Amino acid sequence: SAVISQKPSRDICQRGTSLTIQCQVDSQVTMMFWYRQQPGQSLTLIATANQGSEATYESGFVIDKFPISRPNLTFSTLTVSNMSPEDSSIYLCSVGENTGELFFGEGSRLTVL
Amino acid sequence: AQKVTQAQTEISVVEKEDVTLDCVYETRDTTYYLFWYKQPPSGELVFLIRRNSFDEQNEISGRYSWNFQKSTSSFNFTITASQVVDSAVYFCALKDTGRRALTFGSGTRLQVQP
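Note that the protein sequences, when read in sequence, are chains A and B. Take any residue in the first sequence, count from 1 to its spot, add 126: that is its number in our numbering. Take any residue in the second sequence, count from 1 to its spot, add 6: that is its number in our numbering.
Honestly, the hints are just simulated from the structure, not real lab data. Quick caveat: nothing in here was measured; it's all calculated off a predicted structure. Among these hints, one or two may not hold up.
[As the list claims (entries may be wrong)] To give an idea of the interface, some chain B residues facing chain A are shown, with a C-beta separation under 10 Å as derived from the structure:
hint : residue
1    : Gln12
2    : Val25
3    : Phe53
4    : Thr109
Glycine included, C-beta positions come from ideal geometry on N, C-alpha and C.
Kindly produce the complete structure, drawing on both the sequences and the hints.
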């Protein structure tokens, strides 16, 4: 399985600021996704990070709020823009192949004050 | 549309008891994959098993076993002789041909008391 590194692992942010989360994989992967896990909740897909093109967002998530980059097959970033306390969550990067399971990074735990 | 239901929000057992976590899924596809993940208190998601829709054989891995029944759209997970280290949130997930990502259930929190 791929080794996935996420930075930062946790952060405390002020309302109205933005934070960029990085996801680095130790091998080239076809699929890369960003999930959100709000406190005590399940995982919700934010978007599919597409290499060399715009990300594909799920219903309820928009590019202006969650811009995503994926410049190559091993790296992606997710920015949480203009944060509010409701954005306090764990953000998880996941990677996988078409027929297989997804593997997850350790997550980035954001607290917005 | 796909959906995964984990009706048990929280289960508490005493060490060495057996426990079964339920998972019911919905999909229109005939080809799909089912998964279980474990999320211990540290927060990292740990992959446990993948099962495809054409393989209904039950699987056993140590103290873990999985029962897949297409007739009832269920993919239940049993831990035999539970241990304190099994305490975690367990997620069931589904992937069908309509989506490349996984759809997760709401999770079941398992507490194993010593």
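Status of the hints after comparison with the structure:
| no. | hint | in the structure |
| --- | --- | --- |
| 1 | Gln12 | holds (9 Å) |
| 2 | Val25 | violated (20 Å) |
| 3 | Phe53 | holds (5 Å) |
| 4 | Thr109 | holds (8 Å) |
The structure does not agree with numbered hint 2 stated previously, though it agrees with all others.
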